[in-house]
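These protein sequences, in sequence, are chains Z and R.
Numbering-wise (the numbering used here), the first sequence opens with residue 1 and increments by one.
Numbering-wise (the numbering used here), the second sequence opens with residue 1 and increments by one.
The hints are simulated quantities; they were obtained by calculation from the structure and are not laboratory data.
Even glycine gets a Cβ: it sits at the ideal position worked out from N, Cα and C.
Every clue listed holds true.
Distance condition first, Cα-Cα at most 20 Å in a straight line; then the derived SDA-like pairs of lysine to any residue: (1) 343(R) - 9(R); (2) 106(Z) - 92(Z); (3) 343(R) - 6(Z); (4) 388(R) - 5(Z); (5) 391(R) - 10(Z); (6) 147(R) - 169(R); (7) 391(R) - 13(Z); (8) 105(Z) - 11(Z); (9) 120(Z) - 388(R); (10) 36(Z) - 354(R); (11) 388(R) - 13(Z); (12) 126(Z) - 352(R); (13) 394(R) - 4(Z); (14) 120(Z) - 345(R); (15) 49(Z) - 21(Z); (16) 388(R) - 2(Z); (17) 343(R) - 5(Z); (18) 126(Z) - 363(R); (19) 394(R) - 11(Z); (20) 17(Z) - 328(R); (21) 126(Z) - 341(R); (22) 388(R) - 9(Z); (23) 394(R) - 2(Z); (24) 120(Z) - 341(R); (25) 358(R) - 37(Z); (26) 391(R) - 4(Z); (27) 126(Z) - 345(R); (28) 391(R) - 14(Z).
If you want the ones that stay clear, here's a sample from chain R, every Cβ over 12 Å from chain Z, calculated: (29) 11; (30) 31; (31) 46; (32) 100; (33) 177; (34) 181; (35) 296; (36) 316; (37) 317; (38) 387.
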Amino acid sequence: MSNLENLYRQVIMDHYKNPRNKGLVENEEYVKFRVKNPSCGDDITIQTKVVNGLVEDVRHIGSGCSICCSSASVMSETLIGKTTTESLKIIENYYNMVKGNDYDKKLDIGDAVVYSGVSKFPARVKCASIAWQAMEECLKDGKN
Amino acid sequence: MNYKKDFPTIKDGLIYLDSGASSLKPLQVTEAIKDYYTEYGVNINRGVYSLSYLATAKYEEARQTIADFINAEFEEVIFTRGASSALNLVASSYGMDNINEGDEIIVSELEHHSSVMPWQHVAKVKKAKLVYLPLNKEGRITVENFKSVLTAKTKIVALTYVSNVMGYITPLEEIIKLAHQTGAVVSVDAAQAVPHKAVDCKTLDCDFLSFSGHKMCGPTGIGVLYGKKELLNSMPPIEFGGDMNDNVELYEATFKDSPYRFETGTMPIASVFGLQEAVLYLKSIGMEKILKHEYKLRSYAVEQLQQIAGVTIYNPNAETGIIAFNIDGVHPHDAASSFDENKVCLRAGHHCAQLVTKWLNVPATLRATFYLYNDLEDVDKFIDAVKKTVKFFKEFGS
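Using the sequences and the accompanying hints, generate a full structural model.
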């Protein structure tokens, strides 16, 4: 498989075309955070509902390239049902994976593992990360 | 034209088509930079010893080389950090000093952020009006459309010479003549012009003209503001300190004339040496030859791109080496990674010109720019990469 094929795995294109958990909800129990990359126009807003330390729901909306938009969808599926602590650990692990750093391969990160190909394209790390960054901010915000 | 040998970055099959963002640097330029650090290494304008005198002489010789290159006087060439700094200087100094409530500033949607944002700021602070010249169907600035917005209230006309996305050359000579008839002052963003075509400030009769070194084979961190002598000497400095002053008293100080009144602190001397060498390098090839060469490459590329189904070109008729395009249904950033995989460097995004991206009504574009070191073989490899990209994303059904 070429680097490019590894970057654009079927899973990624599937989530790009058929995003899960897309669209925000009007509900005060949700925490919302938006991350933009002004240099390319990627723009993602994440909304999450945490109850008793458990991520009950993750919603997303935004626009950008396939890596950026699909990662919001994959992230939502990965983190729903996890605890805040588990989520933050997965987020950290995910960042390390896309940057090509050492990461815990045993930690279950679901379909998010398909983004390991991003590490071969350093210019795309930002695209793959902004949805996760927005989620991280939501979780930190929720804690306060 | 074969100048690849002068550019050590071009190796291992690299196809560099992003000179619009920054050109590569030839050995002659990097040698000149190194020469400053190994042979001089001292400050200018200050030392009484001969080494400092020699460094100063070389610095001022560079200023003369650049003045000759754009047909300007020695005192009319101010060194800045780049075109952005130069454009900001005009707005912060001339703009803030001369724009009043109700005055009008003409700009266009083709402007780079650095050309329009300083005037947005001036307009807000001074309660002046920012007026957008309507682009024609093709996205060009035309003399007719300029006439439609020029009024007796127009005080500033801030326009690009060559659009960094569309590659169109603005018909400035006539626009400047008309602007002067109503007493307006014209500031030209020439960042995409000076590297690619002959620019003559006297013939143009522009009041200000800004450009960057790094887009014309020169170093980063150096650019030029050209301004008419009498205007520059009437303008307040925007930075105060060493070397720009004349007499300094406890509560008052007087300033030197241009160019020194705008060059305070130790300037990037090595970069000035490098920029001089870049100008000499471009002159040795000839600006007309460079423009012709770029046009030949872009025409050859456009001809082939038009035969690929699923490619949209936004500026098929531009007269410079810039092609703005997209692959239908593929986000430019996704496409750019495919180009990267094929060792083709090009730009994806809005190119610091969100207004024209919005005018085109697309989220972003791909941009390929050709320069003197590119050749027909580069175009073939570029076209091949476009075909591969179209095919790849078709198979993935994006």
